[in-house]
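Number of protein chains: 2
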Amino acid sequence: MKKKAVVLFSGGLDSTTALYWALARGYDCEAVSFNYGQRHARENTSARAIARLAGVKLYEIALKFPWFSSCSLVNGKLPLPDVSLSKIGSGKAIPSTYVPGRNLVFASAGFSLADAIGAQAVVLGPNVIDYSGYPDCRPAFYKALARAAAFGTRSGAGGKKIKLLTPLIKLGKAEIVRLALRLKAPLGLTWSCYSGGRRPCGRCDSCKLRAKGFADAGVPDPALAAGRPG
Amino acid sequence: MKKKAVVLFSGGLDSTTALYWALARGYDCEAVSFNYGQRHARENTSARAIARLAGVKLYEIALKFPWFSSCSLVNGKLPLPDVSLSKIGSGKAIPSTYVPGRNLVFASAGFSLADAIGAQAVVLGPNVIDYSGYPDCRPAFYKALARAAAFGTRSGAGGKKIKLLTPLIKLGKAEIVRLALRLKAPLGLTWSCYSGGRRPCGRCDSCKLRAKGFADAGVPDPALAAGRPG
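Residue numbers (the working numbering), protein chains in the order written: chain R, 1273 to 1502; chain C, 1273 to 1502.
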């Protein structure tokens, strides 16, 4: 029987690359995306389109925690950080876009689905840039969580630990772009911008990091090329 | 400033005792209950009434995971286990009422709220009987999860680990009943039955364990006394 994986899937550059990595590794994948009141719920449209293209079952989960409104990624009244690229990833402070315990909850939901369907792995896309700022993207966090899931799931209790795979954990954005191109991931369909407009704003952290990744990889961003007139 | 705690609160005997324990310990408590499609969503009515009585803020969170339908606690078409008391807690098998990874997700949500409001602790009510059957009630699971949360939250990253407190972890049901009585917890308002009817069925695991707990403690169950004619 083909091995199964659950992919935490936002429709962005990173998780799309992680999904195509898992498919290339031979996993039969099921994906989960969340609507948690994020400004950029537009990313869910991308997740849907990519999952359809990849032939992957997608669970779209509404998860509204009122306390997420303390964070600028959810609360549209708070300004998004507009930091210079030199500061991104400096590890000096946790950005206001940090959603309290979000990845703990999301990854736990991934383990929950994996336990329900008997999947061998949960796949996520955190990477070098993420965990320089966000505590819930750190390798040590994921390692500890996998251990908790080994105790707290039916699979784990039965001696079949569900693996937590983070294939991008050592990669920078340019390396992720290159890996995505090798895997023929549909980057033109991905969405990274935090602002929630109809087009990427080009100014938020996420847009800047993405732009730098494509520039460093020496390729144009197909999501921009596709959407722009001319 | 008064110390804060987040209490995972279903409105049942155990979590109500845990809530009153935390209040007695001087914690300013905020509670979270979940509607996850459980048969006994009736428990949420109890949670609301008890939180109101205790003057505790309650977040009622809808969390619908389609894959929870694999479990008899959610899927009304599956039979509830009707095992003899002698088998409950024997640790032989995971009951069909096990909801895949549920407590991993719920406790993670508790850490998420704690991180958002700067609480020092997350309080839950798992106990001896629970973890004989449910992997996500085992002490080792909670210990590992607290470690994951220490890495994956703002509080933890800042050196202020959020404690995970399980005051009932070594108690049997009779001891929980006695503790609840000492704490003057409103046991008449609590709800334990899994069946989802208007009155406790008296036949499900949860009803049987509760009845045995009160019998062993030598006191009548006020929830039964209150609801029954005569």
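It is worth saying that the hints were derived from the structure and are not from the lab. Hints may contain errors.
Identical copies carry no separate label here, and so any pair may be met within one copy or between two of them.
[What the hints assert, rightly or not] Here are the simulated lysine-lysine pairs, DSSO-like style, with alpha carbons at most 27 angstroms apart:
id: 1; residue 1: K1415; residue 2: K1349
id: 2; residue 1: K1480; residue 2: K1276
id: 3; residue 1: K1432; residue 2: K1274
id: 4; residue 1: K1456; residue 2: K1274
Right, here's what the structure says about each hint:
1. Taking the closest pair of Cα atoms, K1415 and K1349 never come within 27 angstroms of each other, the shortest separation being 35 angstroms inside a single copy and 37 angstroms across copies.
2. For the identical chains of this complex, K1480 and K1276 are neighbours neither inside a copy (34 angstroms) nor across copies (38 angstroms), given an alpha-carbon limit of 27 angstroms.
3. In the homo-oligomer, the alpha carbons of K1432 and K1274 lie at most 27 angstroms apart inside one protomer (16 angstroms), although the nearest pairing across protomers, at 43 angstroms, exceeds that limit.
4. With identical chains, the CA atoms of K1456 and K1274 are at most 27 angstroms apart within one copy only, with a shortest distance of 22 angstroms there and 55 angstroms across copies.
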